[in-house]
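Student: If you want the building blocks of each chain, they are given just below.
2 protein chains.
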Amino acid sequence: MTDDIHMGRAAKLALEMMRSNKGGPFGAVIVRNGEVIAEGWNEVTSSNDPTAHAEIVAIRAACKRLGTWVLTDCDIYTSCEPCPMCLGAIYWARLRRMYYANTREEAAAAGFDDAFIYDEIPLKPEARKIPGAKLSHPDMQRAFEEWIKKPDKIRY
Amino acid sequence: MTDDIHMGRAAKLALEMMRSNKGGPFGAVIVRNGEVIAEGWNEVTSSNDPTAHAEIVAIRAACKRLGTWVLTDCDIYTSCEPCPMCLGAIYWARLRRMYYANTREEAAAAGFDDAFIYDEIPLKPEARKIPGAKLSHPDMQRAFEEWIKKPDKIRY
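Just so you know, the sequences run in chain order A and B. With the first sequence counted from 1, adding 74 to any position gets you my numbering. With the second sequence counted from 1, adding 74 to any position gets you my numbering.
Mixed in with the good hints there might be a few duds.
Identical chains blur together in the list; that is why a pair holds if it fits in one copy or across any two.
[Said to hold, decoys possible] In silico BS3-like links for lysine-lysine, alpha-carbon gap of 25 Å or less:
1. Lys-86 / Lys-227
2. Lys-223 / Lys-203
3. Lys-86 / Lys-96
4. Lys-138 / Lys-96
5. Lys-96 / Lys-224
6. Lys-224 / Lys-203
These are computed hints drawn from the structure, not numbers from a lab.
With the hints as constraints, model all of the structure from the sequences given.
Tutor: Okay, structure coming up:
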């Protein structure tokens with residue numbers, strides 16, 4: 075019942091922000107102990123930011139509000155199954171649980187690349203549509219070695 | 075040769091920003107026609123933003139500078155193989171090509187979750203460490219139907 079209310083809010087944000095041309099039809103809400111901590115909606119085209127998906131916007135807002143980079147005891151309600159970028163962000167933010175309404179297949183049918191990107195992720199870098207190539211650098215061997223030994227490092 | 079210069083800059087950012095406690099040892103540079111458009115480094119712990127990985131920071135800065143959400147003719151030089159979040163962002167930003175120095179396995183050995191998240195992505199939502207559950211909502215059926223028919227939509 076409470077879950078439906080939060081998902082209803084995410085869906086309402088998706089509908090209303092799409093209608094006012096903020097971006098695609100996507101919304102997200104982050105909740106802790108029943109309290110809404112932050113909301114987000116797609117702002118890619120209105121803010122010139124390809125990373126401004128609803129989930130990313132909501133995670134950044136929640137972290138700003140709570141003064142932390144971990145949302146361990148928070149759940150996210152998102153109007154659509156997260157794309158790999160947003161799913162990755164959900165892991166880095168250490169969210170507890172994720173609820174989604176529409177699926178990646180429905181997103182693909184509406185013209186979004188989510189399913190395509192899911193298919194690209196497991197490929198070897200050089201086989202992807204955006205090809206990746208390894209280019210080692212001695213400073214990066216040094217950087218990881220220093221990080222491992224760094225006494226005052228803050229893990230995340 | 076030019077590639078080495080750009081990767082050297084990404085590596086230098088990784089080293090220097092880690093030493094000044096901005097975050098983890100990661101840097102990225104975005105280049106168009108040989109010109110550096112934007113730079114980024116990991117700022118997760120210094121900015122309380124779990125999405126502030128070097129690649130995301132560089133992509134957002136490049137888009138802001140160019141006033142667009144697509145970086146079609148740009149390449150990214152990143153000091154480490156991108157995590158799924160950053161790889162997703164590279165697709166949404168439509169970058170042309172990606173160069174990386176260290177690998178996800180080296181990142182894992184240095185204590186970062188990149189490889190773990192790569193392993194989680196292909197699992198069914200309900201089987202993941204951060205479990206996902208489907209919770210349909212009628213407004214979201216409506217939202218996608220409206221988007222498909224929307225005459226003034228801006229695709230991204």
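Student: Taking the hints in turn, state whether each one holds.
Tutor: Evaluation of the provided hints:
1. Taking the closest pair of Cα atoms, Lys-86 and Lys-227 come within 25 Å of each other only across two copies (18 Å); inside a single copy the shortest separation is 42 Å, beyond that limit.
2. Proximity of Lys-223 to Lys-203 under the C-alpha cut-off of 25 Å is found in neither arrangement, the shortest distances being 37 Å within a copy and 29 Å between copies.
3. Taking CA atoms no more than 25 Å apart as the test, Lys-86 paired with Lys-96 passes inside one copy only; the shortest distance there is 13 Å, against 37 Å between copies.
4. For a Cα distance limit of 25 Å, the shortest separation of Lys-138 from Lys-96 qualifies both inside one copy, at 22 Å, and across copies, at 17 Å.
5. Taking the closest pair of Cα atoms, Lys-96 and Lys-224 come within 25 Å of each other only across two copies (13 Å); inside a single copy the shortest separation is 43 Å, beyond that limit.
6. For the identical chains of this complex, Lys-224 and Lys-203 are neighbours neither inside a copy (37 Å) nor across copies (29 Å), given an alpha-carbon limit of 25 Å.
Figure legend: structure checked against the earlier numbered hints; hints not met, in rising order: 2, 6.
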